[in-house]
Every structure is written in structure tokens, then in C-alpha cells.
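Start counting the sequence shown at 116; every next residue gets the next number (our numbering).
Since the hints were derived computationally from the structure, they do not count as laboratory data. All C-beta atoms, glycine included, are put in the ideal place defined by N, C-alpha and C. A few of these clues could be false.
[As the list claims (entries may be wrong)] What follows is a set of in silico ranges between Cβ atoms, one per label pair, in the way DEER data are often shown: (1) Ala163 <-> Val127: 19 to 27 angstroms; (2) Gly126 <-> Gly158: 22 to 30 angstroms; (3) Ile178 <-> Arg129: 16 to 24 angstroms; (4) Ala143 <-> Ala185: 21 to 29 angstroms.
[As the list claims (entries may be wrong)] In silico DMTMM-like links for lysine to aspartate or glutamate, alpha-carbon gap of 25 angstroms or less: (5) Lys132 <-> Asp168; (6) Lys132 <-> Asp172; (7) Lys132 <-> Glu175.
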Amino acid sequence: MADAPSAERGGVERIAKAFAAAREEGRAALMPYLMAGYPDLEGSLAVARAYADSGADLVELGIPFSDPLADGPII
116 MADAPSAERG GVERIAKAFA AAREEGRAAL MPYLMAGYPD LEGSLAVARA YADSGADLVE
176 LGIPFSDPLA DGPII
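Produce the entire structure from the sequences given, and follow the hints as far as they go.
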């Protein structure tokens with residue numbers, strides 16, 4: 116694999132570009148949330164494709180975890 120700048124590998128540059136493009140267009144960036152694997156792998160992949168086809172700038176990917184400590188006591 117060819118070496119890429121560390122920011123590009125981590126996606127930081129792509130995220131910044133997505134927000135900058137939305138800002139230049141005078142709009143908020145669209146960043147829907149996707150729980151990976153829900154309701155199943157095929158379903159979540161279909162949702163991810165639908166997000167992209169519908170113009171999502173970014174997708175926030177949730178990783179299922181049995182003990183979601185960071186979510187707080189309300190969930």
C-alpha cells in the first residue's frame with residue numbers, strides 16, 4: 116500500500132473538506148448516524164448506500180457495544 120499523509124489515512128482531511136464544501140455552499144453538512152450491523156449487515160450496508168446516494172456529506176458510524184458507558188444512564 117502506498118504511503119499517504121497521516122491526516123488522509125485518518126480521514127481528518129476528508130472530514131474537513133466535507134465541512135468546508137458545505138460551508139462554501141451556505142448550508143449545514145448532512146451527517147446521518149448509522150448503527151453498524153443493524154438490523155443486520157446487509158441492511159446496514161443498504162442504508163449506508165442510501166445515505167451516500169441521497170447526498171450525505173459524512174456518515175457517523177456507531178459501533179455496537181454491550182456496555183455503552185459514554186452514553187450515560189438515560190439510555
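(request) State, for the Cβ atoms of isoleucine 178 and arginine 129, whether the hinted interval 16 to 24 angstroms holds or is violated. (result) 19 angstroms, holds
(request) Go ahead and decide if the range 21 to 29 angstroms is satisfied by the Cβ distance of alanine 143 to alanine 185. (result) 25 angstroms, holds
(request) Using the Cβ atoms, figure out if glycine 126 sits within 22 to 30 angstroms of glycine 158. (result) 24 angstroms, holds
(message) Hint check: lysine 132 vs aspartate 168, CA-CA at most 25 angstroms. Holds or violated?
(response) 19 angstroms, holds
(message) Looking only at beta-carbon atoms, does the pair alanine 163, valine 127 fall within the given range of 19 to 27 angstroms?
(response) Between alanine 163 and valine 127, where Cβ atoms are some 21 angstroms apart, the hint holds.
(request) Measure nothing beyond the straight line between the CA atoms of lysine 132 and glutamate 175; if it is 25 angstroms or shorter, mark the hint as holding. (result) 16 angstroms, holds
(message) Hinted pair, alpha-carbon criterion (25 angstroms max): lysine 132, aspartate 172. Please report holds or violated.
(response) 10 angstroms, holds
Violated hints for the displayed structure: none, as all numbered hints are satisfied.
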